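Please build the complex by placing chain E on the supplied structure of chain Z, with the hints as guidance.
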Amino acid sequence: MNTKLKIACLLSLLLLELPGWAQFSPPTDTTGGKRGAYHVVLTVGGGGSVYRSAIGIPPAWQNTEANYAGTSFTVRALWHPDHRFRTGLETGLTTFYSYKGTINGEAASVRVSAIPILLIYQMPLAWHTGTERSLLRRVAVTAGLGAYLIRSQLTYKGTVNSQEISAGWLGGVSYTQPLTNSLRLAAEVRWLNPTATRESDFAVQAQVLWRVLSW
Amino acid sequence: MRSLLLILAGLLLLAIGCRPVYEAPIPYDFSNKPGSGQFSPAIRRSMEGVYAVSGGGGPFGRQVALKWSYINDGADSVHALTILTGVDAGFFNLEINQTADSLSLTGFWRKLVNQGTGQAALSLLRKRRGQVVPYKGPALAGDTLMLRGTFDTGTSSPRQPLTLTYLRPLNPKPFEVIAHRGGGRTADLLGVSENTLAILQRAARFGATGVEIDVRYTKDSVPVLYHDNRLNQRLIQKNGLSGGISDYTYEQVQTSFRLLYGEQIPTLEQALRTIVDNTDLRFVWIDSKFTGSMVRVQTLQQRFAERARLRGRRLQIVIGLPGTEAVEAYRALPNKANTPILCELEPALARELGAAVWAPRWTLGPQTDEVKAMQAEGRRVFVWTLDDLLFLEKFSNQANLNGILSNYAPAVAYYHYTAQ
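Which chain is which? The protein sequence lines are Z and E, in order.
All residue numbers for the first sequence refer to our numbering, where the first residue is 1 and numbers rise by one.
All residue numbers for the second sequence refer to our numbering, where the first residue is 1001 and numbers rise by one.
Isolated chain Z, as found in the complex (with noise of 0.2 Å):
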């Protein structure tokens, strides 16, 4: 694990603990009472990305055809507290390019996607006046912070899989529509950068909001 990844880590890790101290601070709510109601809310989602870093073709390969599209899957688990502040985990599957070409007169193709293990930040835009019912409060914006694991393919001679660690982060910023009172929809655009290894990705997902677990 390289320094950054190690650093990143502890500082996610430190920030994992804020919303838990949000909840000790000094209440500054005078009509005191009971905290809560606190959630577990699992998102599921998928949809379409756009890889959007260059990428390196070898220049022994000839007749190359690149893809920069493709497909991105989310599983999210977030616990929502009774302020605004939520935290969680993430991962899922992020396919990035491909691209294939000859060489030699012998096919030949490259296939790389990530796999992202986040801590996820989300603040929904609930300072804004209004009511439940207002769109903009019903935005809100999310960062990630952790590791991506890289996995490539190649084909040319026989098939290697490989894979590594890259530290990374995301931010992304969905709109969220109730449906009942335990189930959502929503939608979200979201950035994917591995940084170690130099990628980027644009995604644009649909997702299920399903709250798990209440107390």
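Quick caveat, the hints were computed from the structure, so don't treat them as lab data.
Since this is a predicted model, take the numbers as computed values, not measurements.
Any given hint could turn out to be false.
Stated by the list, open to error - Cβ pair distances, simulated, as ranges:
#	chain 1	residue 1	chain 2	residue 2	range
1	Z	V40	E	T1291	45 to 55 Å
2	E	D1228	Z	E106	22 to 32 Å
3	Z	A69	E	P1334	50 to 60 Å
4	Z	V173	E	E1328	38 to 48 Å
5	E	T1291	Z	G36	49 to 59 Å
6	Z	A69	E	K1394	34 to 44 Å
7	E	E1023	Z	A69	26 to 36 Å
To be verified - Straight-line alpha carbon distances no greater than 30 Å define the calculated DSSO-like cross-link-like pairs of lysine-lysine that follow:
#	chain 1	residue 1	chain 2	residue 2
8	Z	K100	Z	K34
9	E	K1173	E	K1127
10	E	K1289	E	K1336
11	E	K1033	E	K1111
12	Z	K157	E	K1289
13	E	K1238	Z	K157
14	Z	K100	E	K1238
15	Z	K157	E	K1127
16	E	K1372	E	K1173
17	E	K1173	E	K1111
18	E	K1372	E	K1336
19	E	K1219	Z	K100
In this text, a Cβ means the ideal position worked out from N, Cα and C, and glycines have one as well.
Relative to the frame of chain Z, chain E by itself:
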């Protein structure tokens, strides 16, 4: 809440990274024309030595060492003059200006510990009874050789005067200046990648007399030069692929990977052929970074040692044993004749294995008694990988070593050649 957002923003910045983006593009393209023009072998020999620096040469210290090197291209040789400055691992590489009427050289200077670089042009002069005149032939008694010219500190900077005046011959004591990773690291922005044929050809221009090269096996057991245990963008151009060299066959490596400056990853065979046929290097340290049998490496080591011998080259090729795995691979060789080794482990093991060279890590200190004992037994002693300039000076002047492995070969060479 604002503070939380600030922390988040800070973390994002951390993740985006503080990647140091710096460059030191070499501001001069060597023509690499064969031949030595008016610089006859006698003139070249007479030029080598320690010189006092005057004029605007402050960035290069009070004295420098001048040393010629060549690359043999088969029919002829390409000569280059290296000026070792001793400040910030600095050096000049100058080539012969074959079109000039006078004995003149052009090229560049570079400091390896920072981004300092620029162009330089010098002419050879002689000073006799206070008169400075162009130099045309071997020095006469009473002549003092001088190099006078200019240098700049960037393409748009003004040229500054530089004068070098001969002081004394180079320190003649036998000593190996061993350049790490074939000549230098890719990270040091030398214009070529580490562990390549190109850097091997340049190693002597950095003041090196020998090189250390890192050998790994491909999946189909072809020994190739590559340092890291993983393919990464520090050393190779982005292609989407990762893993280790040993995950890929030689053909996959050749067709799908390029090193950072566009070179192919060379085989050990290509590297040794380049060293024997094209350079004047006299020591090769094959660092065994591979796992598995050592037979293929030994075969190449023996073949090219013999090729060097037949060509009248004084070249020693040793197989480095950095750890117990390499030691076991060496022990497993069916025939150890004509296989000189370099042992990086404890002295007792170096003795037991009959190592030609004992090479402890420099951080273990000068180890004066052990060094003397090893040398008394006929072994040479090198240390690795010494890049701290302060310790380089100390080890060069006090430790009585036979050689130093460094990423800063110009600094090692400077301290050695200027020692009195």
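- Take a quick look at whether K1033 (chain E) and K1111 (chain E) sit within 30 Å of each other, Cα to Cα. Holds: K1033 (chain E) and K1111 (chain E) sit about 25 Å apart, inside 30 Å.
- Message: Hint check: K1173 (chain E) vs K1127 (chain E), CA-CA at most 30 Å. Holds or violated?
- Response: Given pair K1173 (chain E), K1127 (chain E) holds - Cα atoms ~29 Å apart, limit 30 Å.
- Satisfaction of hint between K1336 (chain E) and K1289 (chain E), Cα-Cα up to 30 Å: Roughly 19 Å between the alpha carbons, so the hint for K1289 (chain E) and K1336 (chain E) holds.
- Query: Between E1023 (chain E) and A69 (chain Z), is the Cβ distance one that fits in 26 to 36 Å?
  - Reply: 33 Å, holds
- Task: Could you grab the alpha-carbon distance between K1372 (chain E) and K1173 (chain E) and see if it respects the 30 Å cut-off?
- Result: 16 Å, holds
- Straight-line Cα separation of K1173 (chain E) and K1111 (chain E) no greater than 30 Å? Satisfied, since the Cα-Cα distance of roughly 26 Å is no more than 30 Å.
- Does K157 (chain Z) pair with K1127 (chain E) here, judged by a C-alpha cut-off of 30 Å? Violated - the C-alpha atoms of K1127 (chain E) and K157 (chain Z) are around 67 Å apart, more than 30 Å.
- Message: Against the 30 Å threshold, does the CA-CA distance of K100 (chain Z) and K1238 (chain E) hold or violate the hint?
- Response: Between K100 (chain Z) and K1238 (chain E) the Cα gap is close to 15 Å, so the pair holds against 30 Å.
- Item | Range hint compliance [Cβ, A69 (chain Z) to K1394 (chain E), 34 to 44 Å] | This hint is violated: roughly 59 Å between Cβ atoms.
- Starting from the hint 49 to 59 Å, judge whether the C-beta atoms of T1291 (chain E) and G36 (chain Z) obey it. 57 Å, holds
- Verdict for A69 (chain Z), P1334 (chain E) (Cβ pair) under range 50 to 60 Å: Holds, at about 56 Å.
- 30 Å limit on alpha-carbon distance, applied to hinted pair K157 (chain Z) and K1289 (chain E): 26 Å, holds
Hints 4, 6, 8 and 15 from the earlier list are contradicted by this structure; the remaining hints agree with it.
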